Structure formats: C-alpha cells, structure tokens
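Number of protein chains: 2
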Amino acid sequence: MGKIVECVPNFSEGRDMKKVERIIAPFIITDGCKLLDYSTDKDHNRAVVTVIGNPDCVRRAVVEAVGIAIEEIDMNKHTGGHPRMGAADVIPFIPIKDMDMEEAITLANETAKEIADKYGLPIYLYEKAATLKERENLANVRKGQYEGIKEKILKPEWKPDYGPSEVHPTAGASIIGARMPLIAFNINLGTNQRWIADKIARCIRHISGGFRYTKAMGVDLEERGIVQVSINMTDFTNTALYRVFETVKFEAKRYGVPVVGSEIIGLTPMEALVDSAVYYMQIEDFNMNQVLESRLLE
Amino acid sequence: MGKIVECVPNFSEGRDMKKVERIIAPFIITDGCKLLDYSTDKDHNRAVVTVIGNPDCVRRAVVEAVGIAIEEIDMNKHTGGHPRMGAADVIPFIPIKDMDMEEAITLANETAKEIADKYGLPIYLYEKAATLKERENLANVRKGQYEGIKEKILKPEWKPDYGPSEVHPTAGASIIGARMPLIAFNINLGTNQRWIADKIARCIRHISGGFRYTKAMGVDLEERGIVQVSINMTDFTNTALYRVFETVKFEAKRYGVPVVGSEIIGLTPMEALVDSAVYYMQIEDFNMNQVLESRLLE
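Residue numbers (our numbering), protein chains in the order written: chain L, 648 to 945; chain E, 648 to 945.
Worth flagging that the hints you see were computed from the coordinates, not collected in a lab. Treat the numbers as computed from the prediction; the structure is a model and nothing was measured. The reader is advised that the hints may include incorrect statements.
Which copy? The list can't say, so a pair holds if one copy fits it or any two copies do.
Unchecked claim - Within a straight-line C-alpha distance of at most 25 angstroms, the following computed SDA-like cross-link-like pairs (lysine to any residue) qualify: (1) Lys862 with Arg890; (2) Lys681 with Asn934; (3) Lys797 with Thr726; (4) Lys744 with Asn936; (5) Lys862 with Phe933; (6) Lys744 with Gln937.
The shape of chain L in the complex, shown without the other chains (with noise of 0.2 angstroms):
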C-alpha cells in the first residue's frame, strides 16, 4: 500500500452545498485518494474536509480543489463565526502510514508552490512547516483574517513563504502545513462544579506546566449536569492517552470526584488505543506488526 497521507483540508463555504459538492469533487474522483469524511457548518460557514491516500494522489486533489474553492468562494462576501483568511483556509497534512514528519513537511512545501504558482495566491506555511518561529502557531498566522491580511501582508515579516505578497483579490490567502495527527479526548467528570474541571485542565495543559503535547479546558456537560476536561491530544506518539487519563484521575481524587467516562470524537490512529492497551495490560515487547490490520495494510 505504501506511503499514507491524512489532509483536513478547511474551506470558507458552509452553507450552499452545491458549491461545497463541487470543491471536494476531486477527492471523491481522484484515483489514490480516499474522502473519509466531510461536515459543515453554517453558523461558521466552513466545511472541513478529511481525505487520506497516497501523497502523490493527496497532493493533485487538493490544488484541484483549491482551484474549484478559488472560483466559488468570494471572501469579500464572506460571513461567520470561525477565524478565516481565505477561501481554501487551512491545508494540514498529516503523516500517517510509512512517512514522517519531514515527508510530510516536504509535501506541504510542494502543494504550497503549486497552488501559489498555478492560481497567483499568497501561501503561508505553519506548524512544522513553518518556516518563522512565530508562524508555527495557526491563530498567529490567521490574527486579522481576511480583512487585516491586506495590511498584514505588505510588512517584512508577514511576507508569505510562497506566492505574491498581495492578497487574491476574492480568495484571499492559504496557509498550509504539517502537523501530527490530533486526537481529540474528552473526559467526564462525576460533578457538575466546572472549576474542578478548569483546574485540572490546568494541570495537564502543556502552556500552564502540564504534559508537552496536551491543550486542555474545563467545559459544561449541561445535559448531563456534568463538566468536562476537554483536550486535544497534539502528538500521542510522545504524550500517550493512558497517561493523561492516569493524570486526570489522580487529579480529580483530590476533590473526592470520580471519572465517569471519556470520549473520542472523530478519528483516532489505532496506535493511539493500542499503546494504552499495552500500558494498562503490561504487554512486554509488544510491537506494531502483531496487529493483524497492520500486516493488512502493507
């Protein structure tokens, strides 16, 4: 099967859905490339798109798509609640099968030319594609969306990394990147007293002292009349699942509270469960290959 790339691409368009059936065509039709899956939202007016495949496959889907978002998406039109900055806003690709992070970083680079040559639209590259320190994070890169980005992108050091250093009079500007795959994990806590939940939040968010590769917050299940620690999981391959569960559990004990479940929403890879199976189960010398559907997928 070989090499495997997952791509989440986000477009500006959540609420006609012909135009959204036209831009996510060439996923559906391109040979090599998988559509696993695609929603959208009208109040953001956003679709966000999941399609895996071959890198090469990936790769012409996506500046196909672009080129079809580029024509149906006037963002001077362009309403809703989610941070944009352009038609094809936000193009992660993310290593999945027989690929690392440097691949991955390589075919964020030659998507980013291709569209910037082909369609003249200013692309920034982010996360561990990024080329500046202060491009790494997304919400940095997208600060002024679409409305600032014509001021933003005439200094120096908000010159994009490939394109025009003028915004697509309709589309806007791109970014693009790699990162690793997000696993977003939520757990339920026994109470409905929210600051419980914020404060272990804090605990184990990596930017108030928690583990590297956890954001984290407190949210109410209302619902339910229970609160949440609400995380993404940022790279499980270094911050594994057990152990912030582990961590989550501990810290709820100290108010006397128990944990009365967890989610996953969406995707996850299989490693992610299989590593906490082999931690909770004390597998010794357990190794990937043992997993039949790994053998399957070779």
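Based on these hints, arrange chain E on the given structure of chain L.
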C-alpha cells in the same frame, strides 16, 4: 478491499526446507493472497503457515498447496512430536473482515469438497464447521493419529464429511474447519511458585469453571525464575482480554503475588486491543470506524 479471511494450514513437514518451500509457494504466487508468516519445527516435524486474503484466492492457494503437500509428504515415513493425521493436517479458516462465521464455514466446506474431489482425500470438518458434536474438538478428531485413522475411518461415526471412507495411502486424512481468531496471551506472575499459576489457570479456564472462551495452564519461565499463566483466548469478542487480565490480577492478590507483565505471542486482531483500551479509559460509545486504519482498510 472487501472480505478478508485468514487461514492457518499446518503441514506435516518441518525438516526438509526445500519441501516446505515448494508447499508454501502457492501462498506467495497467488494474487489476492498474502503469506504473513510460516514457522517450522524440526522436533514436531511440522510447518505452520499464516496467510490472509480474499476468500476465493485463499481457497485456490490452499487447494494448490495441499496438492503439493500430497506429492511431497509420505505419512508412512513421518515421525514427530506433534499429533498429526495427514500430510495437510489441519486447515482452519478465520473470518477477519466483512465476513461472518457462516461465510467461513461455507468456505471451509467448499475447500473441503474441492480437495476431496481433486485428490481423493478424506476430510473431516471441525470446530464451527463440525457436522457432529464429537467433531468440534480437534484433539478428538485427531485421536489415534495417522497410525490409528485407518481403523477409525471405518467406523460409521467417523465417516469423513467429504471424500472416500478410506485413508489416502500416503497423505492420510485432513481436518478442515472454521474458527475465531485465537490470541496467545500469557500473564507473568512475580513468583517462582508454579502451583500458584496452576491455581489461577484453573480459575479462568472454561473447562474448570472459568470464562467460556479461555484455555489456560500454568508454566515455569525457568530463565526468569518466575511462572506464567499461559492462555489461549478462543473468542475475544465474547471473552475480552482485559476481563481475563483483571481476573488474573485479583486472583493473584490472594497469594500476595503481583502480575509483573504479559505477552501476546504472534498476531492479534486490532479490535482485541482497542476493546481493552476502551475499557480502561472508559471511552463511551466508541465505534471501530473511528479508527483511522479501519477506514483505510475499507
């Protein structure tokens, strides 16, 4: 990708590697069929092959390989420590993906009929494919071995399911069936007292009152100076790995003995480990479709 079946044929040749290579060749050259592993044992004088693929392709390769085994192996000259009844001794089919047990049983029947017709070999069906209660257990069918089958086959209750009611002059008889994937899951105890492993094995194994799909016995790990509960999980979908693991832990506590580790020998379906991770991290409403690799295999 469609339906996937696993097949683990056992051939009665483990000393002459040239012969083994000729026997397994069809698993390498047949399209739609992948040889995952094979191991030979000189003492047992036996080769165990693991192959996966499309059911039709695997069936064709198995029929080919049995034909070669009949040419290469003369059971009248066979010696070895492992019980055996024929040149192509045992051939279990295991449903892996998009296949249920009924389909694996049908495949076992088709393969048995084709082999019986083509080579005049008597075939017994066993485990889930068994036509009589007494044929479910492999050891029961094989009792008497090659030397005894000449007499046994003449008894009305041991009339073969396919093929003639007399043994093949050099290849004996074969046993074909369908079963669930088997997981070899061993749990190590922090003691050198073998009787403790034996006691715990008796608690968890089906035959002496334990879990329905568990076989177990105590063994010494002499090199490490500890003992092990050596377990075969015969249907992880109904007797979960974590359940057996936790039971061994709490039984060991009675003797003040810790579980110091475990091991999985050979292959395991992803679901067996994911299922255990979902238990330990209390993940609510998890669906195997959330595993990226499941989607990749579609």
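Outcome of the hint check:
{"no.": "1", "hint": "Lys862 with Arg890", "result": "within (14 angstroms within a copy, 32 angstroms between copies)"}
{"no.": "2", "hint": "Lys681 with Asn934", "result": "between (28 angstroms within a copy, 20 angstroms between copies)"}
{"no.": "3", "hint": "Lys797 with Thr726", "result": "within (17 angstroms within a copy, 83 angstroms between copies)"}
{"no.": "4", "hint": "Lys744 with Asn936", "result": "both (13 angstroms within a copy, 18 angstroms between copies)"}
{"no.": "5", "hint": "Lys862 with Phe933", "result": "between (29 angstroms within a copy, 22 angstroms between copies)"}
{"no.": "6", "hint": "Lys744 with Gln937", "result": "both (16 angstroms within a copy, 17 angstroms between copies)"}
Checked against the numbered hints given earlier, the structure satisfies every one of them.
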